[in-house]
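Protein chains: 2
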Amino acid sequence: MLLALLGANVARAEDGYDLWLRYRPLPQAEAAAVRAHAAQLVIGGASPTQEVTRQELLRGLGGLLGGAPVVASTVSADGAIVVGTPASSAQIAGLHLDLRALGHDGYLIRSVVVAGHPATVVAANDDVGALYGAFHLLRLVQTGQALDKLDVREWPRLKLRVLNHWDDLNRHTERGYAGQSIWDWQKLPDWLDPRYTDYARANASLGINGTVLNNVNANAAILTAPYLEKVKALAGVMRPYGIRVYLSVKFSAPIEIGGLKTADPLDPQVQKWWRAKADEVYALIPDFGGFLVKANSEGQPGPQDYGRNHADGANMLADALQPHGGVLMWRAFVYSQENRDDRAKQAYAEFKPLDGKFRSNVLLQVKNGPIDFQPREPFNPLFGAMPKTPLMMEFQITKEYLGFATHLAYLGTMFEETLSSDTMSRGKGSTVAKVIDGQLDGHQLTGIAGVANIGTDRDWCGSDFNQANWYAFGRLAWNPTESARSIAADWVRMTFTDEAAFVTPVVDMMMGSREAVVDYMTPLGLHHLMGHGHHYGPAPWDATGPRADWTPVYYHRADHDGIGFDRTSTGSNAVAQYAPPLAAKFNDPATTPEVFLLWFHHLPWSYRMQSGQTLWNELVMHYTRGVDTVGQMRDTWGRVGSHIDAERYQKASTFLAIQQKEALWWRDASIAYFQSLNGLPLPAGVAPPQHPLSYYESLSFPFVPGY
Amino acid sequence: MLLALLGANVARAEDGYDLWLRYRPLPQAEAAAVRAHAAQLVIGGASPTQEVTRQELLRGLGGLLGGAPVVASTVSADGAIVVGTPASSAQIAGLHLDLRALGHDGYLIRSVVVAGHPATVVAANDDVGALYGAFHLLRLVQTGQALDKLDVREWPRLKLRVLNHWDDLNRHTERGYAGQSIWDWQKLPDWLDPRYTDYARANASLGINGTVLNNVNANAAILTAPYLEKVKALAGVMRPYGIRVYLSVKFSAPIEIGGLKTADPLDPQVQKWWRAKADEVYALIPDFGGFLVKANSEGQPGPQDYGRNHADGANMLADALQPHGGVLMWRAFVYSQENRDDRAKQAYAEFKPLDGKFRSNVLLQVKNGPIDFQPREPFNPLFGAMPKTPLMMEFQITKEYLGFATHLAYLGTMFEETLSSDTMSRGKGSTVAKVIDGQLDGHQLTGIAGVANIGTDRDWCGSDFNQANWYAFGRLAWNPTESARSIAADWVRMTFTDEAAFVTPVVDMMMGSREAVVDYMTPLGLHHLMGHGHHYGPAPWDATGPRADWTPVYYHRADHDGIGFDRTSTGSNAVAQYAPPLAAKFNDPATTPEVFLLWFHHLPWSYRMQSGQTLWNELVMHYTRGVDTVGQMRDTWGRVGSHIDAERYQKASTFLAIQQKEALWWRDASIAYFQSLNGLPLPAGVAPPQHPLSYYESLSFPFVPGY
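Chains A and B supply the protein sequences, listed in that same order. Going left to right, the first sequence walks through residues 1 to 707 as UniProt numbering numbers them. Going left to right, the second sequence walks through residues 1 to 707 as UniProt numbering numbers them.
Note that these hints are calculated values from the structure, not bench results. Treat each hint with caution, since some may be false.
When chains are identical, the list treats them as one kind, so a pair holds in a single copy or across two.
Heads up, simulated BS3-like pairs for lysine-lysine below, C-alpha to C-alpha not over 25 Å straight-line [unchecked claim]:
{"hint": "1", "residue 1": "Lys661", "residue 2": "Lys230"}
{"hint": "2", "residue 1": "Lys357", "residue 2": "Lys345"}
{"hint": "3", "residue 1": "Lys661", "residue 2": "Lys232"}
{"hint": "4", "residue 1": "Lys352", "residue 2": "Lys585"}
{"hint": "5", "residue 1": "Lys230", "residue 2": "Lys357"}
{"hint": "6", "residue 1": "Lys352", "residue 2": "Lys428"}
{"hint": "7", "residue 1": "Lys388", "residue 2": "Lys345"}
Same shape as in the complex, but just chain A (with noise of 0.2 Å):
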């Protein structure tokens, strides 16, 4: 450990600041079968993204080889690599790939004979196109792929795939565990500071197009002429890399920086103010991305406000926006605090009538359930209901609801299990996905958007293995069908070692990691029973807040004889929100999927499991179930950790004992609750909680991150 720092002091400390780029050098054996692949580099220089991929391909091929690759102008020996696209390379172009089908954003990589020389090119018709290409060969070779017959051809299947940053002016990022927002406003725009390069880097090898850099939660001065300059700073260092700046907007912004009486949306000179702050967006950013907005939500200004409805509000800013290309981005997340309706209804029957009513630049933001990141949800029924309007998923990489920046919870497995729902909208095989690539109801404005877990923290996440839900999120959003295990693999090959020793249980790990949160915090269809506000640990027990579904007694609805959330037919009937056969088996508790019981169901203790046993028993086996799991996981972290640095090692081990203590908080504090509502006796051998509820209750949290 003390030797690995001496020497020449170039041993960099694993500080998980390079992600999955990390480009260190591959074994002698590996690394000479690639060489063989990458003996000349040909790429063009001519356009910014050009050099981008210029410089990738040599800082990659660089570290992992050992040393970068020749830069030729044509291919004049074996094993080159061509990068570009027919009109940046007339050797690609006399290639004559067929590239029509890949659009704008995708690209071929194949093994090719050029100049009677073997090569690999990777072809675009766009440039953007080619730096995702060389991505990709990079993966192939971080990820120890052959490359003698490379036959790759990919495209994404979503237009915008976006990044939302929930960070405030103040450089606070509301739900952020990873530090402060990673945009310094303060010196910009005048010091780029070189993270948000690699920021930049980061999600073009992902596919990432675009970036929301402020807070849904909105304040007006992001559309200030001091602090526009500031965004046209990081456009301008995004740009290259494809991806292209989008702002939340406050909907009040023309009464609080525009001096007007209202933002009525039908006012002629609100809809005036707004086409003006959209010209001067534009002229100082032609490729600007649109605006994201919260309205008429969690106390956020809106339409409503003025009578008017989300399509008023929506379609106001997108005719700002329109003549420049650029796009609406509306939120679904809306709840009233005066409707007494389950909150889980609410967007629905707001947005469902205005289906077919929204410009065509508008896409309407969906989450992914129907309440709020839960550790587990239903699809939110919205996907499948809006046919004539194009839904945009809206995941949460932050974990505001699983753990913070400590818990190891992996969610590919739930962006995967959310995608893959059947919404049967259009019969059997209507996914989410399908949704909102367009191809069910025939939209071609699709987009994904994921709220993101990045922050100043050394490691960007808050913690190495929150990478990969970055990574993940990004993958999917290029192709929203990909294998969430399939994807954790490539990242653990890329962050950490390409030993199968060391990847095939740490994957495994990783892809239980989530089942674990959703046991230990919210088993069966529970949610929300989070601490009030902050969301930090357990307190089902919560009755007291300032709105009722605010609080963990609004969701869960137990007492001495029964628990879970009613919304049947004889309920409050969420499950009408769902297609007729989904509404029907989710109407039945013996037809709904046991992982959503309790989200549809007030069931009685004494229900009977498909195990047998009782709910109750059930329950606290899950419970049970989840602690263990994260012991099994620290003992497989244990036997692994050999394969790769300390520092890293260290920290996870770390964090997975954090994990566990909080998980068994978790569970006895849960178990202590409940059973002093039931009164029933633990099930034979399961450990008691530790402490009396009252010593849950009274914990508290003054300082907790990200609120």
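Given the coordinates of chain A, work out where chain B should sit on it, guided by the hints.
Structure of chain B alone, referenced to chain A:
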């Protein structure tokens, strides 16, 4: 630039993280010369401090020389380095060195002969002295000193050399411009970020031996059991490096977390609560340093809330700490919202009558000047005025009033100016340094505090040059009579390069940098003209705010006829708080140093300066000169950039451009404002402000960091 990134992917980006402990390879000839004196390393590893000393020498010499010396148990070859104490090393004991005057922390470094071999001995009475000596030896190597005839004797002049972190438990740092607090409370006590160790190393390299972890605007929660466990974990990291942890405590903690109805220091229950709390702290952390208190100051609770005085409050806490050897640091930074008297006079008025009333383990912590960390202030009149009380200096390292992160302002000169100021309290030569080091009044308990500029930014301090202020504070805390210039030269050599063509102009630039800030912000004794609350940028026009003495107009008192704060015997008579010869000097504008002119005097714009110019013309000249100096700094930096890495060159270059822009803003806004009052023309040839006054007044900065 690009090629530097390639190759064996071992080149670390120069991101500033390594501070002055970079240990990059010396030039070949220099390394060869050092190797002759570093053939062996003879050092024990029996204690944690010995262990970290050995690690540091191996790391440092390994890096500087391209390979670490051989570790040996006894000297067996020429060129050994022998490190330790007579107790830890028989060979050191055998040298019979005179270590008596070195105390606990001192050391000597001497060229000696051991077992017939030329050797370098680093000897001390205590392990921590040997650690300090090891850092000194490394510094000699880093700065290119000859090692053949060493005879260094060093010991600290002050006993407590501490940093004050104004860090909140939510990781916000008050007046911090370098990201978040480095203390990741959420993950403590489990996760010990390796950065904590690097923090300890950096401080130990300067002899800093204490750190107050939390903001003087304290939250009582720091004294609750969960937080004390976290503090204990940090203390464990600091301990081997000779650094004790201290806490800022809130005077009302007995009410807030103790359940008492009062915090009256004369109440037996309150006394008992604090004694029990101190016992609890020391049971966890036996070498805990003590408490720091901000009481009855800017809204903080204190003994005056109960009709008691500051000595009552301090002594009650001191009594609780006394059985454990703890120290109570009580801040003298008080001024009252009710008291209409000159704010500059209030601390003196409050504390001078209490001289002799404090317990022996109380230190009174006094800011360098009577107002608040301005770019320039006369020394605080409390220095020299309380001979029976040990006064501890409080400097501000973070640049709250000196341009935040981006302005290059080397504060070594400012610290030096205060320390070398003559209080005349016991006749000529009664410098502030002699007050705080105890020699003037015979105190054993002595100390100095610096409000840290450290945060999570990769470069720790928000800029590479800000690191010099941490460094200079530490060196002056060890020896308050060291020269700011020689400290700067050491820092430049260790941080950038030893090349004279770089060192000389950069040290010159640093030495003039703080005067430039004084010139473009608040020349000739002006003070506190910064934007309200956040202190970013000029706002001399500001007359709003919750209290008069937080507004610029309170301090400059400018009108059509003149400018300045009359603190003479016909004004507030603040001059009378200084020793009689100084009081007389400051009472007369003709004998007042012009740098303090408007601090002590209200004068007509036509007042004739020593230069023969009118006050108005001279004021304009200073503002202009400040801007010009920054331009010259940019020129200097541009000329020497080729000597260092592109990363740090580019960053400082951008920051200097920001500084120049903001210096011009300060100049122009100030001139525009004062001209709006006096209606006087600018001197011939002087550029008018770029914008009208209304423009400067219209600027607002809602998201300034650190506020």
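Evaluated hints:
1. Lys661 / Lys230: between (43 Å within a copy, 16 Å between copies)
2. Lys357 / Lys345: Within one copy only: 20 Å inside a chain, 69 Å across chains, cut-off 25 Å.
3. Lys661 / Lys232: Classified as between; 19 Å across copies, 45 Å inside a copy.
4. Lys352 / Lys585: within (22 Å within a copy, 81 Å between copies)
5. Lys230 / Lys357: neither (35 Å within a copy, 55 Å between copies)
6. Lys352 / Lys428: within (21 Å within a copy, 86 Å between copies)
7. Lys388 / Lys345: For Lys388 and Lys345, the Cα distance is within 25 Å only inside one copy (20 Å; across copies 73 Å).
Of the numbered hints listed earlier, the single one contradicted by the structure is hint 5.
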